[in-house]
Every structure is written in structure tokens, then in C-alpha cells.
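J.: The primary structure of each chain is shown beneath.
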Amino acid sequence: MPEDVPAIELDGVVKEYLSHGETVQAVKGVSLTIGEGEFFSLLGPSGCGKTTTMRMIAGFEEPTKGLVKLLGQDVTDVPPNKRDINMVFQSYALFPHMNVWENVAFGLRRKKVAEAEIKQRVGDILEIVDLTGREKRRPREMSGGQQQRVALARALVNRPRALLLDEPLGALDLKLRQQMQTELKRIQREVGITFVYVTHDQSEALTMSDRIAVMNDGLVEQLAAPREIYERPASKFVAGFIGTSNLLSGTVDAADGDLLVVRLGEQDRILVPGTAAVGDTVDLTVRPEKITISTEQPEAGLSMVKGTVGELTYLGTYNSYAVALADGTEITVFQQNAIDSSTTAERGDAVWLSWRPQHSYTLS
Amino acid sequence: MRRWTPYWLALPAWLWLAIFLVVPIAAMASVSLTTGNLIDGFAQTFSVSNYSDAIAKYSTQFLRSLLYGGIATVIMLVLGYPVAYWIAFKAGHRKSMFLFLLLLPFFVSFVLRTISWGFLLADDGILFGTLKGWGLLPEGFHVLATTVAVIGGLVYNFLPFMILPIYVALERVNPTVIEAAYDLYASRFATFRRVVLPLSLPGVFAGVLMTFVPATADPINAQVLGGTGNTMIGNIVQTEYLVNSNYPTASAISFTLMAVLLIGIFIYARALGTENVLEAAAR
Ligand SMILES: Nc1ncnc2c1ncn2[C@@H]1O[C@H](COP(=O)(O)OP(=O)(O)O)[C@@H](O)[C@H]1O
Ligand SMILES: [Mg+2]
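Sequences listed follow chains L and G, in order.
The opening position of the first sequence corresponds to residue 1 in this note's numbering, with each subsequent residue numbered one higher.
The opening position of the second sequence corresponds to residue 365 in this note's numbering, with each subsequent residue numbered one higher.
These are computed hints drawn from the structure, not numbers from a lab.
There may be inaccurate statements among the hints.
[Claimed, not checked] Straight-line distance between alpha carbons at most 30 Å, and here's what the computed DSSO-like set of lysine-lysine pairs gives:
| id | chain 1 | residue 1 | chain 2 | residue 2 |
| --- | --- | --- | --- | --- |
| 1 | L | LYS28 | G | LYS454 |
| 2 | L | LYS111 | L | LYS185 |
| 3 | G | LYS454 | L | LYS111 |
| 4 | L | LYS185 | L | LYS175 |
[Unchecked claim] Chain G side only, calculated, beta carbon under 10 Å to chain L, not exhaustive:
| id | residue |
| --- | --- |
| 5 | PRO539 |
| 6 | VAL541 |
| 7 | ALA545 |
| 8 | TYR546 |
| 9 | SER551 |
[What the hints assert, rightly or not] Sample of chain L residues facing chain G (criterion: CB under 7 Å; computed from the structure):
| id | residue |
| --- | --- |
| 10 | PRO80 |
| 11 | ASN81 |
| 12 | PHE89 |
| 13 | SER91 |
| 14 | ALA93 |
| 15 | HIS97 |
| 16 | PHE106 |
| 17 | GLY107 |
| 18 | ARG110 |
Where a beta carbon is used, it is the ideal one built from N, C-alpha and C, also for glycine.
Start from the sequences and build out the full structure, keeping to the hints where you can.
T.: Laid out in C-alpha cells, this is it:
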């Protein structure tokens with residue numbers, strides 16, 4: 001495997017559409033590199049340009065500006081049927097007039113692969129996606145999950161350089177979706193093909209991906225591994241979009257080494273890594289599960305804020321507290337139901353919230 | 365009983381069919397098996413000689429009708445498919461305008477339209493007369509009263525019935541299925557040949573039925589645009605019925621035509637794979 005040639009490269013890609021006489025920028029300048037064999041996700045809210053980006057990689061849309069490269073080769077002007085890349089469509093787009101076997105063999109037939117080899121490869125891939133014995137079925141005689149796997153097999157059988165999947169599990173119910181997530185991961189490991197996965201579901205992206213590009217309004221906000229995206233969101237948008245996070249805003253009181261001391265209310269003191277001048281206003285974030293809730297003043301060296309418990313929700317494996325600070329900011333705290341399910345505080349109680357300095361981040 | 369309600373609601377339709385389809389057909393079947401004439405009266409003899417006589421006497425017109433109808437249908441398919449394709453996939457937001465234009469001729473009566481073609485194609489009419497005047501056409505040139513005029517008239521009159529069902533079938537083809545083919549290494553032509561065309565076959569099937577049957581039985585085009593050598597079976601039925609008052613023969617011819625068409629349709633459906641067609645159409 002050539003180490004340094006990336007499977008896919010986008011270089012300053014822009015896509016403009018003309019809609020009702022107005023130019024709309026669906027993608028506003030995306031550059032990224034996807035490695036061989038990587039499970040790469042494009043994550044973002046609906047309308048942020050994920051599909052457009054993917055369609056440019058597949059060749060269905062030509063970028064207004066920028067380059068698309070496959071294995072180092074510029075393919076910006078190459079049509080989809082000449083690109084060694086296949087796509088799994090959100091609606092599956094199976095050929096309704098063909099049975100499973102014919103659907104899967106379609107690509108190999110077009111590439112004029114010998115009939116004996118087609119037989120072998122179609123048989124093999126149907127086994128991988130667990131559809132052996134269903135060869136003669138028509139798409140509409142199959143469940144959503146099965147159709148999904150036919151779509152996957154139909155693309156994978158061609159052994160493309162990369163597989164593009166546009167919200168492939170969006171139409172499935174929760175149980176099946178989780179099952180297919182595991183399945184997709186297994187199949188990707190088994191075939192070793194680069195997957196580019198489009199989703200608006202952050203938990204899906206976090207569990208499956210090697211790396212995630214979080215997109216917002218036609219731009220990539222952050223490109224990193226799932227853990228980093230979750231633990232160290234680079235922007236307010238990423239912090240808000242991925243999981244539940246608490247956004248706080250305060251004034252820098254002092255700088256203590258590489259820690260900033262940020263003041264909100266009288267007794268509050270937040271320690272956060274970062275660089276800023278005294279007197280600056282900074283935004284920072286902390287995840288609900290990193291916060292400890294107590295009725296006594298926490299030890300020094302921790303960030304601490306004072307508040308009043310509002311809603312208290314029992315959620316099975318954990319309790320969720322909504323705590324209102326003096327300035328009205330609402331903070332969500334998750335408390336694991338560990339030994340017993342008793343709660344630390346009740347609605348209306350005054351509480352201290354505390355967390356370690358390294359669990360909060362300033363946001364740009 | 366609740367579950368009978370749908371049947372009761374369908375009753376008017378059943379009555380309609382019974383009164384205007386089944387009764388006349390039964391009556392015609394009975395007439396076709398009578399002998400006699402208008403003056404002496406007709407007697408129900410159950411003799412099939414009407415059939416054998418009619419077929420023997422008018423086999424030329426029978427074959428000519430099937431040939432004209434067939435040629436016209438093929439031409440309509442060749443002309444109509446691209447039009448339907450273009451409207452379905454390329455017309456964009458002006459789709460409905462083009463569909464309306466297709467239907468526009470129906471606002472003028474069928475006979476009137478055919479007659480105006482007669483004017484247009486007349487030997488010294490506005491078209492050929494002018495061209496002859498300019499010396500662009502030889503004096504002896506004519507189209508009216510030829511096979512070309514009759515088949516041309518059939519094509520003109522029935523073309524929308526070919527285009528519309530094909531359009532409907534193409535319109536129902538999911539665009540992402542076409543993209544999927546293109547993504548799976550199919551050329552533009554292979555995408556059409558392997559995906560679009562098979563998925564549009566129910567429309568082609570319907571279009572061919574809706575044009576071949578009326579075109580084969582049509583008397584107007586041959587009467588208005590054809591000459592003495594272009595008589596079709598529809599003209600014979602008309603003459604036998606309205607001019608000669610030979611009801612048994614007219615009925616026998618009609619039944620023979622119906623039988624030939626039904627058998628033809630059956631073979632055609634078999635050849636195209638009815639199962640596939642109906643299955644695809646039922647989607
Ligand atoms: N063919 C098109 N014509 C005009 N605007 C489009 C077209 N395709 C997408 N857009 C616009 O581009 C933006 C991004 O769309 P898309 O890439 O589909 O987003 P996502 O897949 O993230 O939901 C949207 O605002 C959408 O309305
Ligand atoms: Mg999308």
C-alpha cells in the first residue's frame with residue numbers, strides 16, 4: 001500500500017448553484033485528505049453541504065473551483081462511470097427490474113469482467129453481507145436492512161478505491177441502525193476499502209469513524225479523530241453540535257501559568273487552559289459528564305460555580321440536572337447511577353458544580 | 365354489510381359497461397350470424413358463412429389495415445419515445461407546458477384536423493401549390509391519395525397516445541437509479557439500454573396498444589387522405605353498414621378485426637413478457 005498517496009484529496013473545493021437567479025454557495029472552500037483504508041465521516045446538520053461534497057467526489061457534480069484527486073491523480077473532469085469509486089445512495093437506488101444477483105453483478109458486467117470471475121466475486125460479496133440464498137429476490141421483496149446490504153454489495157463487489165455512503169442508515173429504525181453500524185464497521189475491516197460516510201447523526205459518526213470532518217454552512221469546522229472532536233471541540237458550533245455541552249462566557253481575571261482564571265459570579269472561579277489578556281471575554285465549554293455536583297464547597301484547584309437545581313431527570317443509567325447559575329446560564333450535569341440511585345440534590349437546592357481545569361476548553 | 369360497500373359503489377360503472385359494451389357486442393354477435401337483407405328482413409341462421417365470405421372478399425383490406433396500423437405504430441414509437449424522454453428528463457419546469465401542447469390538438473375535432481391535413485397536402489394547396497409555383501417541386505408531385513398520406517395522417521392523429529403513456533412510465537423512473545447505473549461504470553447508452561428502457565417498457569406496451577388498435581381500425585384517415593387503393597377495413601365496415609345496409613357482413617368484419625387484434629395483443633404481451641410488464645406497471 002503506498003503510504004503517502006492519499007485515497008482522496010479535496011483542494012479548495014467550491015460549489016455554487018444558480019437557484020432562482022441567485023448564486024448559492026453549497027460548499028464554500030473545502031480542503032481535506034482521506035487516507036487509504038480510512039473510515040472517514042462528513043458530519044453536520046442538514047443543508048451544510050455534505051451531499052454536495054460527496055457528489056463532487058463521486059463525479060456527479062463538477063466543482064465551481066478547486067480540485068478533486070484520487071490516489072494523487074486529478075479527476076476533477078472525469079465522469080462518474082470512469083472513476084474507480086462507488087456510491088451507496090441514501091434511498092439505496094437498487095434496480096427494481098433486476099434481482100439481487102443481477103443488481104450486484106451490474107458494475108462488473110459493465111466493466112466486462114469474465115463471467116466466471118463475476119460469479120465468484122458476486123458469490124463472495126453476498127456471503128460477506130450475509131445475503132447468500134437471496135440471489136433471486138427482487139429488491140421490493142426485501143426488508144429495508146436487506147436492501148441496504150444489497151446496495152452495499154453492489155458497490156463493494158467492484159473493489160473500488162473508495163466507497164461513498166450518503167446517510168445510508170437514515171431510513172432504518174434505531175435497532176436496525178445500530179446493528180448495521182456494527183455490520184458496516186466489520187465489512188469495512190474485512191474488505192479494507194476507504195469509506196467516506198455522510199451523516200447528520202453525531203453518535204453514528206463518533207462510534208464508526210477513524211476521523212470526522214464536522215461541516216457547517218459549506219465549510220469544515222474541525223477535522224479530527226472522534227475522541228478529539230468530542231473532548232476538544234474547536235469551535236462553539238462543534239461543541240454545540242456534538243453531544244450535549246455547556247457553553248459559558250466570562251471575563252478573564254488573571255492568568256496563572258497556562259491557566260486562565262475566569263470569573264462569572266461572586267464566588268465562581270473557572271480555571272481553563274488558554275491564552276488571553278486580563279479583561280477579555282472568553283467562551284468556554286465543559287461536558288455534562290465531567291461535572292461533579294455537591295452541596296459543599298469543592299477543594300481548591302478545581303473550577304467551581306454556584307447554582308440552583310432546576311429540573312432533575314432520571315434517565316436510567318444516569319441522572320440529568322439542569323442547574324441555573326446566578327447570571328441565568330443553564331448548566332447540564334450528568335451523574336452516573338453507580339452504587340445506589342440516590343441523588344445528591346433536589347429541585348430548588350443550592351449546589352456547587354466543579355470540574356478539573358483540563359476538562360474545559362476555550363472556544364474560538 | 366360493510367364489506368359489500370365497494371361493490372355497490374362500483375355498480376354504476378358495471379351498469380355502464382353492461383349497457384354500452386356487453387349488450388351491443390352481444391347484439392352484434394347475434395347480427396353477425398344472421399342472413400338476409402334490409403328488404404326481405406334478416407333471419408337468425410347461425411351460419412358462419414358471413415365470416416368466411418367477408419374474410420375471402422376483404423382479405424386485402426384486412427392485411428392493408430394491419431400493415432398501415434403496424435407501420436404507423438412503429439413510426440410513432442420511433443418519433444414518440446424521444447419526445448417522451450425529453451419531456452420527462454430534460455424539459456425541467458416547463459414539463460406541464462409541453463404536456464399541454466401535446467394535448468392541444470384534441471381541442472379540435474379529429475375529423476376536422478384530418479380534413480385540414482387534406483387542405484395542406486392538396487396537390488395545388490398552400491404548401492405544394494406554392495412550392496410548385498416557385499418551381500421547387502415537379503408539377504406531377506402529389507402526396508394526397510397515397511399510402512404516405514394515410515400513414516402520415518395516422519401517425520399525426522395518434523402520436524399523443526404513444527407519447528403520454530411512455531412519458532408516464534419514464535416520469536416514474538427514480539433519477540437516483542439512473543445515477544446509480546452511471547456510478548456503476550455504465551456509459552450513457554448502457555444506462556439507457558439496461559435501466560431506463562426496461563423500466564419504461566410498461567409505457568411502451570400501453571402506448572403501442574393505444575395506437576395500434578385505433579390506427580388499424582380507423583376509417584377517417586384513409587377516407588380523407590387516401591385514394592382508391594388505400595381503403596382500410598374501417599372504411600369497409602362503414603360502407604357495408606351505412607351504405608349497403610349489409611349488417612351481417614359489417615358485424616362479421618368487426619368481429620374478425622376484434623379477434624385478430626385480441627390475438628395479436630395476446631401474442632405481443634407474451635413476447636414482451638406480460639408478467640414483467642404487469643409486474644413493473646404495478647409498482
Ligand atoms: N442542485 C441544487 N441547486 C440549488 N441548490 C442546491 C442544489 N443542491 C444542493 N443545494 C443547496 O446546497 C446546500 C447544501 O446541500 P446538501 O449538500 O444537500 O446538504 P446536506 O447533504 O449537508 O444536507 C443546501 O442549502 C441546498 O439547498
Ligand atoms: Mg444530504
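J.: Decide, hint by hint, whether the structure agrees.
T.: Consistency of the hints with the structure:
Note on L/LYS28 and G/LYS454: the hinted pairing holds, with a Cα-Cα distance of about 28 Å set against a maximum of 30 Å. A threshold of 30 Å between alpha carbons decides the hint, and for L/LYS111 with L/LYS185 the separation of about 27 Å falls inside it, so the pair holds. The straight-line distance between the Cα atoms of G/LYS454 and L/LYS111 is roughly 28 Å, inside the 30 Å bound, and the hint therefore holds. The suggested pairing of L/LYS185 with L/LYS175 holds, with an alpha-carbon distance near 16 Å, which does not exceed 30 Å.
Checking G/PRO539 against chain L: minimum C-beta separation of about 9 Å stays under 10 Å; hint holds. Below 10 Å, beta-carbon pairs count as interface contacts, and G/VAL541 has one with chain L at about 5 Å; its hint therefore holds. Restraint check, G/ALA545 versus chain L: the minimum CB separation of about 7 Å is within 10 Å; hint holds. Hint status for G/TYR546: holds, given a least beta-carbon distance of 5 Å to chain L, under 10 Å.
Given hint, G/SER551 at the interface with chain L, holds; its Cβ is 6 Å from that chain's nearest Cβ, closer than 10 Å. Interface hint status for L/PRO80: upheld, as the beta-carbon distance to the closest one in chain G is roughly 5 Å, under 7 Å. Among the interface hints, the one on L/ASN81 holds; its C-beta lies about 5 Å from the nearest C-beta in chain G, closer than the 7 Å criterion. With 7 Å as the threshold, the beta carbon of L/PHE89 comes within range of chain G, its nearest partner Cβ sitting at about 5 Å, so the hint holds.
For L/SER91, the shortest C-beta to C-beta distance to chain G is roughly 6 Å, which falls under 7 Å, so the interface hint holds. Taking 7 Å as the C-beta cut-off, the interface hint given for L/ALA93 holds, the closest approach to chain G being about 4 Å. The interface hint given for L/HIS97 is met, as the beta carbon of that residue sits about 5 Å from the closest beta carbon of chain G, less than 7 Å. Among the interface hints, the one on L/PHE106 holds; its C-beta lies about 5 Å from the nearest C-beta in chain G, closer than the 7 Å criterion.
For the restraint placing L/GLY107 at the interface with chain G, the shortest Cβ-Cβ distance is roughly 4 Å, inside the 7 Å limit, so the hint holds. At its closest, the beta carbon of L/ARG110 sits 4 Å from a beta carbon of chain G; the interface hint therefore holds under the 7 Å criterion.
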